[in-house]
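Engineer: Chains as they are written, first to last, in the numbering used here: chain G, 1 to 171; chain U, 1 to 136.
Cβ pair distances, simulated, as ranges:
#1 Lys2(G) x Ala28(U): 45 to 55 Å
#2 Ala18(U) x Ala80(G): 25 to 35 Å
#3 Gly11(U) x Gly130(G): 34 to 44 Å
#4 Glu54(U) x Val58(G): 46 to 56 Å
#5 Leu65(G) x Trp32(U): 30 to 40 Å
#6 Ala18(U) x Ile34(G): 15 to 25 Å
#7 Leu32(G) x Arg70(U): 22 to 32 Å
#8 Leu22(U) x Ala80(G): 28 to 38 Å
#9 Val58(G) x Leu22(U): 29 to 39 Å
#10 Asn77(G) x Asp80(U): 34 to 44 Å
#11 Ile34(G) x Asp80(U): 16 to 26 Å
#12 Gly33(U) x Val58(G): 39 to 49 Å
#13 Asp89(U) x Ala75(G): 10 to 20 Å
#14 Ala28(U) x Met13(G): 35 to 45 Å
Treat the hints as calculated values from the structure; they're not laboratory data.
Since the structure is predicted, the reported quantities are computational estimates derived from the model, not experimental observations.
Here a beta-carbon is modelled for each residue, glycine too, at the ideal position from N, C-alpha and C.
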Amino acid sequence: MKLTTKQLTLCAMLTAMALALSYLENFFPLSLAIPIPGIKLGLANIVTVFALYALGPVQALLILLSRCVLGAVFAGNMNALLFSLLGGVTAMLVMILLSRSRRLSVYGVSVGGAAAHNCGQVAAAILTLGNTAPLYYLPVLLGVSLFTGALTGLIAACLFQALAHTDLMKG
Amino acid sequence: MRWSPKLRPNGWDGLAAAIVLLLAAACAGMLWGRGAATGGELEVVVSIDGGEVERFVPTDSAGEKTYTSRGYTLHVLVRDGGVEVSQADCPTQDCVHTGWIGRAGESIVCLPARVIIQLVRTDGGSDPGGVDVVIG
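Bound-form chain G, shown alone:
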């Protein structure tokens, strides 16, 4: 795969934005309202949804992988890598499939991604802890993904509308 300078720059900027959003959501700790380990708003998913439509699945996946690895390195917590990778890659695969159908709007794709992300994270928790206890949280996490997915879908939709007439969206 050959990337143009513009595409490479865009990928780098989106990776930086995703990292910044991951950091930003620490200031909105959803876990205070719903005490479940690792529960988050998933704001970095806005970048994933945007990249999926604007750049395509391969580049979106590259951005996601870079964000996961760099996020773990910057946080100095390599244990978190398994969680972000399993959650992120599962969400990405589901969103690729859902977006291909062309029937769902960005909201539906985002909700599907959020639900898949939580399933991936529960799988990571089961693998890490060697115990199926985290499965107990899955129903709540799936319910919450309806709201977090709709929120990221709304922000992504606003982003697409705001950028509709820019050169960025014309390839």
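We have chain G already, so just place chain U on it with the hints.
Structural biologist: Below, chain U alone, put in the same frame as chain G:
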């Protein structure tokens, strides 16, 4: 732009949301339904790093217990037939925020310390390590 997304929610999105909701309800029915079962005795199982380290009956063990793992210390309060992590020095504090649990199937997970405190119901005698009858 590779392809333009639909920006307004439609009926297909509603269907996707309904499937997620249905999945959540099905998981709740399967996973939480087990906790609603009666009979047998409620036990607390404490696991660290995937291995069971302690098992006790909460009604017989009221008081405070301390577990240390991966440099973190969890203070567990056993009261009213259930348990809670009253204090912990882990960075996330999710275990403390979970609060008191007292129903079979419920658990408190501390990811940084790799500690799981689970409530299980013994199935009345089929458990070889369990107690059949408590006298006195």
